[in-house]
Structure formats: C-alpha cells, structure tokens
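**Student:** Residues per chain are reported as follows:
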Amino acid sequence: MTPATLSAADIARGIRKGDFSAQEMVESFFNRAERLEPSLHALLHVDPERARDHAKKVDALIARGGDPGPLAGVPVVLKDNMCVRGMPTTCASRILETWISPYDATVTELLEKAGAIIAGKGNMDEFAMGSSTEFSAFGAASNPWDTTRVPGGSSGGSAVSVAAGYTPLALGSDTGGSIRQPASFCGVYGLKPTYGLVSRWGLVAFASSLDQIGPFARTVEDLALALSVIARPDVRDATSSRRERPDYSAALQTVSLAGKKIALVKDLHGKKDVMSRDVETVLEKTLAHCREEGAEIVEISLPVSLEFGLPCYYILAPAEASSNLARFDGVRYGLSSNEESLMDLYLKTRGAGFGKEVKRRILTGTYVLSSGYYDAYYLTAQKVRQLMKQEFADAFSKCDLIALPTAPFPAFGKGELVDDPIQMYLADVFTLPVNLAELPALSLNGGFTEGEKTLPVGVQFIAPKWGERELLSVAAVLERKTGSAGIAPVENRYPCREGGDVR
Amino acid sequence: MMLSNPSGSRLEKQDVLHVAELARLHVDDGEVEGLVRHFGAILEHFNTLSEARIEGRLDLDAVDPFIFSDTEIPAPREDIPEVSEVREDVLASAPRRKDSFFVVPRILEEASS
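Protein chains in written order, with our numbering: chain A, 244 to 746; chain B, 825 to 937.
Honestly, the hints are just simulated from the structure, not real lab data. It is possible that part of the hints are untrue.
Said to hold, decoys possible - Cut-off 16 angstroms, straight-line C-alpha distance, at most; resulting in silico cross-link-like pairs (EDC-like, lysine to aspartate or glutamate):
| no. | chain 1 | residue 1 | chain 2 | residue 2 |
| --- | --- | --- | --- | --- |
| 1 | A | Lys591 | B | Asp853 |
| 2 | A | Lys591 | B | Glu845 |
| 3 | A | Lys599 | B | Asp853 |
Stated by the list, open to error - In silico negatives: residues of chain A with every beta carbon more than 10 angstroms from chain B:
| no. | residue |
| --- | --- |
| 4 | Asp253 |
| 5 | Glu267 |
| 6 | Asn274 |
| 7 | Asp290 |
| 8 | Arg337 |
| 9 | Ala380 |
| 10 | Asp516 |
| 11 | Met518 |
| 12 | Arg534 |
| 13 | Glu583 |
| 14 | Lys591 |
| 15 | Thr725 |
Glycine included, C-beta positions come from ideal geometry on N, C-alpha and C.
Could you put the whole structure together from the sequences, leaning on the hints where they help?
**Tutor:** The structure is reproduced here in structure tokens:
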C-alpha cells in the first residue's frame with residue numbers, strides 16, 4: 244500500500260479507519276521519490292523532518308479518536324511558488340535560492356487543516372514562465388513516460404509527482420496553461436479553476452489577473468476532494484470571490500451527460516496545421532465517448548480567441564510580470580549583489596538572478612508598457628481580451644461545455660524548443676484563452692500516441708465561470724467509461740538507481 | 825526617451841539596452857544579440873494584431889479595454905489591527921540588515937557645507 248497505488252481518498256479513508264498510518268504514507272513517499280528522482284527531478288525541496296512531524300500529529304489525533312480531515316495523512320506536493328512557512332520558496336530561480344518563506348500560503352493552511360502532509364516542493368519553470376520545466380534554474384524535470392522528453396510546464400514537477408506515483412495529489416498554478424499542459428503531457432488530471440475561486444495569498448505572483456492555483460490528481464474523486472479543500476473565500480486576496488462554494492465531491496454522485504451540449508471548434512481557426520495527428524484522433528475519440536453517453540456535439544467558432552489569443556497573452560502576461568517581478572531588487576530577500584550604488588545593486592542583482600526566459604519576458608513587458616508603445620500593444624491587447632471574454636460568453640449560449648485539445652502536440656523532446664521561444668509559446672495556444680477569459684478548464688487523459696513509446700494526450704473541457712462541477716461531471720463520466728489516469732511506467736522503462744539526491 | 829523604431833517593428837541593440845535599463849536589468853554583451861533577435865520575432869508576432877485591425881478582421885474601435893462587469897467588487901475588510909509576528913523571520917532572509925532595518929547603498933550625499 245503506497246501513494247503510488249492509492250488515491251488520496253483511499254489513503255484518507257484507510258488512515259481514518261486505522262488500516263495504515265500517516266507515517267507509513269510519508270515514508271513511502273520519500274522511498275519512491277528517492278528511487279525515482281535521479282531520473283525525474285520533479286522536486287526542488289523536501290523537508291522530511293517537518294513531514295514526519297506532521298504525520299505523527301495526524302496519527303496521534305486518530306489514536307485519540309479525533310478526525311484530522313478529508314485529506315488525513317495524504318502526502319501532497321506544492322509547486323515551488325507557493326509558500327510553506329520555514330521552507331524555501333525559490334520559484335526555481337537563483338534570485339530566490341536562499342529565501343525561506345516566513346508565512347504559509349492560504350492553500351498550505353487549508354491543506355494542512357484538512358490533514359494533508361506537505362511532502363515536497365515541485366520543480367517548475369522559473370517564475371512559472373515556460374511550457375517545459377526546462378527553464379528551472381536548478382535543472383530540468385523529465386517526463387515519466389519518456390525521460391528524454393519534457394513533462395510540460397510550468398508546473399512540471401507537480402504533474403510528474405502525481406504521474407510517477409510519489410503522491411496522489413499536487414498543486415500547480417496556471418497562468419496560461421501551466422496546470423493543464425503538463426497534466427496533458429504526463430497523463431493525469433489537471434484543473435484550472437475560475438479566476439477568484441482559489442486564494443492566491445502566498446502564491447508568488449507572475450501575472451496577477453491570470454494566475455490561479457489548482458490541483459493535479461489521478462482520479463476525479465481526488466480532484467474534487469482537493470478542490471473542495473482549497474476553494475475557499477479569503478479576505479487576504481482581494482480577488483477571491485465571496486460566493487458560496489458547492490461540495491464538489493457530492494456533485495460526482497449522480498453524473499450523466501444526457502442532454503448536455505458539448506461544443507467542438509470546427510476548424511480551430513488555422514491552428515490545425517500546428518496540431519499533431521495523434522492529438523486530433525484522441526480528441527475525436529473523446530467526443531465519440533461523450534456522444535455515446537448522451538451528449539449532443541455542436542459546433543462553435545472562437546476566431547478571436549484562437550487567432551489572436553497568443554499575441555494578446557504574450558503582451559499582457561509579460562506586462563504584468565515586469566511589474567510583479569520589480570520587487571526582486573536585492574534589498575529584502577534572496578540574491579543580492581554587493582554594490583556601491585543602489586542602481587548598480589538593482590541592475591547586477593537582477594541581471595545575475597534571473598534566467599534567460601524571465602529576462603525575455605521582463606524586457607518584453609517593460610517594452611509594451613513603455614511610453615509610445617503602450618497604446619499599440621498593451622491597450623490593444625486589453626481590448627482583444629474583452630472581445631475574447633465576449634466570444635466565450637456568446638459560445639456558452641449555444642453549449643454547456645467546450646472541448647479543445649489541451650496542447651497541439653504531445654510531450655516534445657528536451658532541448659527541442661528551448662532556443663525557439665515563439666514555438667514554445669505555441670504549446671499554450673489552446674489553454675491561454677481560458678485564463679484571459681477567467682474561465683475554469685479541466686485537462687484529462689484522452690488517450691495515447693501511436694508507436695513504441697506511447698505518450699499521453701490530453702483533452703481539455705472548458706466551462707462557463709464557476710462551472711467546476713460541470714467539468715468534474717464530464718471527467719467522472721469519461722473516467723467510468725475509460726478508467727482513471729494510470730501511473731507512468733517509469734520503472735519498467737528506465738533503470739532507477741537505489742538512493743537519490745532528494746534534497 | 826522614445827525608442828528608435830517608429831514602426832514598432834524593429835528594435836536595435838541600443839533600444840534593447842534602453843529597455844533593460846528601464847527594467848533595472850543588467851544584460852551582458854553576450855545576451856544582447858539574442859534579445860535583439862527575440863524582439864524582432866516577438867514584435868512581428870504582436871503586429872498580427874495591428875495588421876488584423878487594418879484588414880478589418882479585428883474591430884476594436886468600440887471596445888472598452890477596462891470594463892470588468894462580471895467581476896465582484898471586493899468588500900473592504902474591517903479595519904482591525906492584527907499582530908504580525910513574522911518580522912524576525914522576514915529580516916532573517918535579508919541580504920543585509922542592521923537591527924530591524926534593511927541596509928541599502930546610500931542614495932543621498934551628505935551636505936557639503
């Protein structure tokens with residue numbers, strides 16, 4: 244019995260019944276991570292002492308007849324841009340390498356209150372800027388289905404932790420697809436909630452109008468369970484919605500697609516030419532399953548979102564990032580160059596501390612906000628964003644859900660796109676419109692590529708705002724039909740050393 | 825200072841260095857060429873928006889860029905003082921500190937008189 248084979252719901256049930264202990268679950272997390280980390284590098288930090296201490300407390304509470312909560316003893320990995328008091332939060336950047344979080348993110352508090360054990364911090368693209376986890380300053384992570392390929396990004400380490408069976412649950416953040424795209428590449432579920440559903444307090448900001456935290460899991464039940472725990476109003480995040488949240492787990496009791504209208508976007512507005520054949524096949528197959536379950540498939544068009552979403556996003560997100568990352572100035576935390584003048588302190592600290600993709604985005608953002616170019620770029624992109632919101636609102640008058648590929652292609656090879664940022668940005672073409680329109684979307688594994696080393700391929704469902712229950716329902720129906728997400732066969736395909744370099 | 829590319833489509837080396845200074849980001853000589861190329865490609869991509877406007881495929885004239893009609897207005901918090909006990913933890917990560925202050929290079933010269 245390990246987190247590799249059990250769901251979070253099963254672990255919590257087993258621990259509450261006394262079938263096994265939280266301490267056993269934590270030890271099996273560390274054993275598996277130690278064995279697989281040399282191949283995968285999904286984690287940036289672990290704190291075994293802290294995790295064991297929390298597990299002991301969970302076990303002690305159960306021994307006293309108490310209830311630690313719905314995630315009792317479940318080891319969870321947090322992307323390394325979420326604060327855990329006393330642990331590093333590096334955002335996979337040299338500039339924050341030495342910073343220890345002085346407080347807990349709201350999601351950290353909520354998870355621990357529900358009995359979860361924070362087992363490790365997930366590898367990521369530096370400051371969540373990237374689609375492959377190759378832009379981590381501390382080394383790339385690998386895809387557990389084929390370690391010569393990327394796991395996707397930016398929340399690659401969280402996706403790998405779940406796909407490789409370190410943990411049944413992990414949290415990522417999604418600014419333009421950073422939960423859904425690695426979920427697709429690693430063959431697990433990934434949910435990007437509606438903007439404002441999950442508190443961003445304690446999440447290091449990338450683009451504040453787009454960032455949202457969400458869960459990765461291998462079962463729909465776990466995805467709903469995690470969402471029920473973390474989707475809480477929070478006065479510390481001014482954009483946190485005060486609306487009442489439903490019980491997402493209860494929504495899975497009676498699910499059916501009968502009478503639901505699911506829309507496909509007929510010709511994908513010119514984006515079919517960048518799409519792999521496998522992705523098209525898997526999407527068709529998934530829609531066929533939906534039809535068999537009683538859904539009506541309708542066609543819609545999203546010309547603005549699919550044609551102009553990419554340039555719109557790559558103007559707005561870097562603009563917000565250039566402002567948010569101004570705080571990393573060498574004065575209050577992290578790396579600091581010892582200089583005579585304040586200007587040199589800023590220039591040298593930031594020049595040495597940020598990696599190349601972060602620099603590209605800060606400079607792009609600074610440029611599009613600079614005098615003389617603001618109207619042509621930033622303001623234009625804001626207007627396009629409004630059109631996209633309206634376009635989705637119009638589309639949802641004709642359907643309940645929209646189905647799109649999660650990414651245009653399956654996991655690509657390491658190093659293939661790292662020097663071609665614009666090609667890399669294409670990986671987000673189907674995911675980033677969702678962030679710009681503030682909508683919820685879920686990526687599930689729809690199938691696999693043909694060939695010897697098969698790779699998972701994700702399908703994305705998009706709902707109107709606050710439609711997380713609808714997304715979980717369609718995922719639950721498809722799970723009943725085709726099964727949950729499987730563990731990647733990393734041990735069968737690759738020799739895994741005993742012992743590792745888990746820090 | 826306006827940058828030297830009136831069309832907005834091409835940035836030269838000195839433009840990139842100027843943007844880098846605005847961003848308080850030191851850029852090595854070895855990085856500049858790559859950034860010039862990157863700006864060339866990304867701005868070409870961004871210009872698809874203005875081209876689409878000219879071609880009439882993207883009509884933005886009547887669009888208000890900052891209407892958030894479906895966004896809740898955040899309710900102000902009650903003004904209740906809270907005790908924060910993280911000061912020492914925050915300062916523990918400071919690169920340079922003196923007592924409870926962050927230390928920065930001097931920015932004002934002492935009066936010469």
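**Student:** Now tell me, hint by hint, if it's right for this structure.
**Tutor:** Hints, verified against the model:
For the hint pairing Lys591 (chain A) with Asp853 (chain B), the CA-to-CA distance comes to about 14 angstroms; that is within 16 angstroms, so the pair holds. For a cut-off of 16 angstroms, the pair hint linking Lys591 (chain A) to Glu845 (chain B) stands: about 11 angstroms separates their Cα positions. With a C-alpha separation of about 13 angstroms, the suggested pair Lys599 (chain A) and Asp853 (chain B) falls inside the 16 angstroms cut-off, and the hint holds. Listed as a non-interface residue, Asp253 (chain A) keeps its Cβ farther than 10 angstroms from every Cβ of chain B; the least gap is roughly 37 angstroms.
Its beta-carbon lying about 32 angstroms from the closest one in chain B, Glu267 (chain A) satisfies the requirement of being farther than 10 angstroms from that chain. No beta-carbon of chain B comes within 10 angstroms of the beta-carbon of Asn274 (chain A); the shortest separation is about 32 angstroms. The Cβ of Asp290 (chain A) sits about 16 angstroms from the closest Cβ of chain B, beyond the 10 angstroms cut-off, so the non-interface label holds. The claim that Arg337 (chain A) is not at the interface with chain B holds, since no C-beta of that chain comes within 10 angstroms of its own (minimum 13 angstroms).
Distance check on Ala380 (chain A): its Cβ is at least 16 angstroms (rounded) from any Cβ of chain B, clearing the 10 angstroms threshold; non-interface status holds. The claim that Asp516 (chain A) lies off the interface holds: its Cβ sits roughly 15 angstroms from the closest Cβ of chain B, which is beyond the 10 angstroms cut-off. Every beta carbon of chain B lies more than 10 angstroms from that of Met518 (chain A), the smallest distance being close to 19 angstroms; the non-interface claim holds. At the 10 angstroms boundary, the C-beta of Arg534 (chain A) stays outside the reach of chain B, the nearest C-beta of that chain being 31 angstroms off.
Its beta-carbon lying about 6 angstroms from the closest one in chain B, Glu583 (chain A) breaks the requirement of being farther than 10 angstroms from that chain. With a least beta-carbon separation of about 6 angstroms from chain B, Lys591 (chain A) fails to lie farther than 10 angstroms from that chain, contradicting its non-interface assignment. Every CB of chain B lies more than 10 angstroms from the CB of Thr725 (chain A), the least distance being 35 angstroms, so the non-interface label holds.
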